[in-house]
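Here the structure of chain W is known, so what remains is to put chain D in place on it, guided by the hints.
Single-letter residue listing:
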Amino acid sequence: MARRREAMERLASRAVQIGFLLALLASWYAATNFWGVNHLLLPNPVAVFHQLVDVLKTGQFLPDLRVTATEFAAAFVLAMTSGMLVGCFVSRSRYWVAVFEPLFAGIYSIPIILLLPLYVLFFGLGPASKIALGTTISFFPVVLSTIAGFGHVDRTLVTAARSMGASDYQLFRYVLVPAALPVILTGLRIGFTVALLAILGSETIASLAGLGHHIVQLAESMEMARMFAYIAFVVAITVLLNGLVSHLEARGRRHE
Amino acid sequence: MSTGEVAIRIRSVGHQFGEAGEARHVRALADTSLDIVRGELLCLIGPSGCGKSTLLNVIGGLLAPTSGTVEVAGKPVHGPMPHDIAYIFQENALLPWNTVDENVRLGMLFQGVPKAEHAARAQRSLEAVGLAEFADHYPAQLSGGMRQRAALARALSLQTGILLMDEPFGALDEQTRMILGEDLSVLLARTEKTIVFVTHSLGEAAFLADRVAVFSARPGTVKKIIRIDEPHPRNPAFVTSEKFTTLRNELYALLHDEIRKAVGSEAPRGRRGANGGAP
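These protein sequences, in sequence, are chains W and D.
Per the numbering used here, residue 1 is the first one in the first sequence, and the count goes up by one each step.
Per the numbering used here, residue 1 is the first one in the second sequence, and the count goes up by one each step.
It should be emphasised that the hints constitute simulated quantities derived from the structure, not laboratory data.
Hints should not be assumed to be uniformly reliable.
To be verified - The list that follows gives simulated cross-link-like pairs (lysine to aspartate or glutamate, DMTMM-like), each with its CA atoms no further than 25 Å apart:
no., chain 1, residue 1, chain 2, residue 2
1, D, Lys-261, D, Glu-250
2, D, Lys-243, D, Asp-229
3, D, Lys-115, W, Asp-168
4, D, Lys-223, D, Asp-173
5, D, Lys-223, D, Glu-40
6, D, Lys-75, W, Asp-168
Claimed, not checked - Have a look at the derived ranges for each label pair, beta carbon to beta carbon:
no., chain 1, residue 1, chain 2, residue 2, range
7, D, Gly-68, W, Thr-156, 21 to 27 Å
8, W, Thr-156, D, Asp-35, 27 to 33 Å
9, D, Glu-192, W, Gly-151, 38 to 44 Å
10, W, Gly-151, D, Gln-141, 37 to 43 Å
11, D, His-256, W, Arg-94, 37 to 43 Å
12, W, Arg-94, D, Asp-229, 45 to 51 Å
13, D, Ser-12, W, Gly-151, 33 to 39 Å
14, D, Asp-136, W, Val-53, 47 to 53 Å
15, D, Gly-21, W, Gly-151, 26 to 32 Å
16, D, Glu-117, W, Met-8, 51 to 57 Å
17, D, Ala-20, W, Thr-156, 28 to 34 Å
18, W, Ser-93, D, Gln-159, 34 to 40 Å
19, D, Ala-119, W, Leu-25, 58 to 64 Å
20, W, Ser-93, D, Ala-23, 22 to 28 Å
As the list claims (entries may be wrong) - Just so you have them, the derived chain D footprint on chain W, three or more residues with Cβ under 8 Å:
no., segment
21, 163 to 172
22, 207 to 218
C-beta atoms are modelled at their ideal positions from N, C-alpha and C, and glycine is treated no differently.
The shape of chain W in the complex, shown without the other chains (with noise of 0.2 Å):
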């Protein structure tokens, strides 16, 4: 009963999620056809759709989605592989751990989009720039969730590995790294959302190509509908990819 009681619940609230977004598209379709906001304002949804149906069916999008699809995948990979990686040589000493955590935390709560203009200067307005800041920022919570997950690992399952002679790789394959994995996964998922942000936020403010710079194109010669479009397709793939990272660290800590 009370798991059938749980399952309506999550059900009525899953309804109020899905009717609000319904009642913001619905007052969005009244405020462009009854309450006369100029269209070069906010358009019409259903020319925005209109709009999106020609865009998926042209794949007009496509050399804008490789290139920010190349940025994030060359970012984020780059800040995973560097984050773990110095996590884990971090971890390995508590010295370290007392000297570079503070550091590492203290610069992440700094607005790292900052550099942006750095970086332009340095790399140039192509992809080469977007790649360093999307790798900076999310080095970040990589490597913080990297040093969590190791310093948190369970001193008895340590104490008990050595008594039974495992050896400092066994202790780290099967010990350490399945016990920090959990924590390590949420840092990834982090990473991953703000790479992403950064990836598209810094084409929008300075680049050659990707979808980021198509929308500030499209938004500078008034296409206002096409721009919607362009919006609500990367909306939907940053929440596919959401979903799927989401999925993918649920499943990494179902042991717990």
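Below, chain D alone, put in the same frame as chain W:
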């Protein structure tokens, strides 16, 4: 017990945590010497903080003592000796992300048992503790008692001569403790392992041990050794016998003063004030 051969030789072992003068300085163990005979079950019992777990960690090579030496099977202990000694901790020493069977196999992998023997040995040790049907369960799916059985199975699969148990049933309820104690007694009669068992429970010590080493308050050392001549496996009826009651009372009398001493040093100030500061 029959041969009288010494399995663990403890000579003037003392241990302190921190340096003298530091706030965290504690003299846990003072000048303890003890011979543990092959095949016996020796219980270490004493007030909290008397250093009995410290001594166990020293024997197991998990802690280097500040003074003194320990020899296991004639070899001085300088670190873990996985081929001679298996350890059972109070709780939570199973890897939660591995099944019971995987936990047992990992123990053997760490110890260096050839892969080909893993399956059979895991199966046998799980059967010995009555957990064969739960081989594919995760620790979180088991009760506290079953988790300790799994930990025992892992230790048995390592086929060491010595088993060190640090309050293994300490986190369990009274009934579960009793049953596990009985099973351990049966197991012990079969395997002839040397077991050093740290416990808080007088009844557990009296029921399980061939000898009980009673520790004094901190810094702890062996105050008295009591021999319990009762063959393993011990009958549950032993608990209700007069012999058991006498033993338990004797242990209680020995411990009582030491526990008073240990608790007295931590007694709340208000209590002393109420007595007008009189000693």
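Each hint tested on the structure:
A C-alpha spacing of about 18 Å is found between Lys-261(D) and Glu-250(D), which places the hinted pair at or below 25 Å, so the restraint holds. A distance of roughly 10 Å separates the Cα atoms of Lys-243(D) and Asp-229(D); the hinted pair therefore holds under the 25 Å criterion. For the hint pairing Lys-115(D) with Asp-168(W), the CA-to-CA distance comes to about 19 Å; that is within 25 Å, so the pair holds. With a C-alpha separation of about 29 Å, the suggested pairing of Lys-223(D) with Asp-173(D) is violated against the 25 Å cut-off.
Distance check on the hinted pair: Lys-223(D) and Glu-40(D) sit about 19 Å apart at the alpha-carbon level, within 25 Å; holds. As the CA atoms of Lys-75(D) and Asp-168(W) are separated by approximately 24 Å, the hinted pair is consistent with the 25 Å bound. In this structure, Gly-68(D) and Thr-156(W) meet the distance hint of 21 to 27 Å, their C-beta atoms being roughly 26 Å apart. Judged by the Cβ atoms, the range 27 to 33 Å given for Thr-156(W) and Asp-35(D) holds: they are separated by roughly 29 Å.
Range check, Glu-192(D) to Gly-151(W): Cβ separation about 43 Å, and the 38 to 44 Å hint holds. A hinted range of 37 to 43 Å is violated for the C-beta pair Gly-151(W) and Gln-141(D), which are about 28 Å apart. At roughly 42 Å, the beta carbons of His-256(D) and Arg-94(W) sit within the given window of 37 to 43 Å. Range check, Arg-94(W) to Asp-229(D): Cβ separation about 50 Å, and the 45 to 51 Å hint holds.
The supplied range of 33 to 39 Å is met by Ser-12(D) and Gly-151(W), whose beta-carbon atoms lie about 38 Å from each other. Between Asp-136(D) and Val-53(W) the beta carbons are some 51 Å apart, a value that agrees with the proposed interval 47 to 53 Å. Against the hinted window of 26 to 32 Å, the Cβ-Cβ separation of Gly-21(D) and Gly-151(W) comes to about 30 Å, which satisfies the hint. At roughly 53 Å, the beta-carbon separation of Glu-117(D) and Met-8(W) lies within the given 51 to 57 Å, and the hint holds.
Here the CB-CB span from Ala-20(D) to Thr-156(W) is close to 29 Å, well matched to the stated 28 to 34 Å. For Ser-93(W) and Gln-159(D), the Cβ-Cβ distance of about 36 Å falls inside the hinted range of 34 to 40 Å, so the restraint holds. Between Ala-119(D) and Leu-25(W) the beta carbons are some 60 Å apart, a value that agrees with the proposed interval 58 to 64 Å. The given range of 22 to 28 Å is respected by Ser-93(W) and Ala-23(D), whose C-beta atoms sit roughly 24 Å from each other.
Chain D is given as covering the segment 163 to 172 of chain W, and this holds because 6 residues of the stretch bring a CB closer than 8 Å to a CB of that chain, at least three being needed. Here the segment 207 to 218 of chain W counts 0 residues with a CB under 8 Å from a CB of chain D, which misses the bar of 3, and the coverage is violated.
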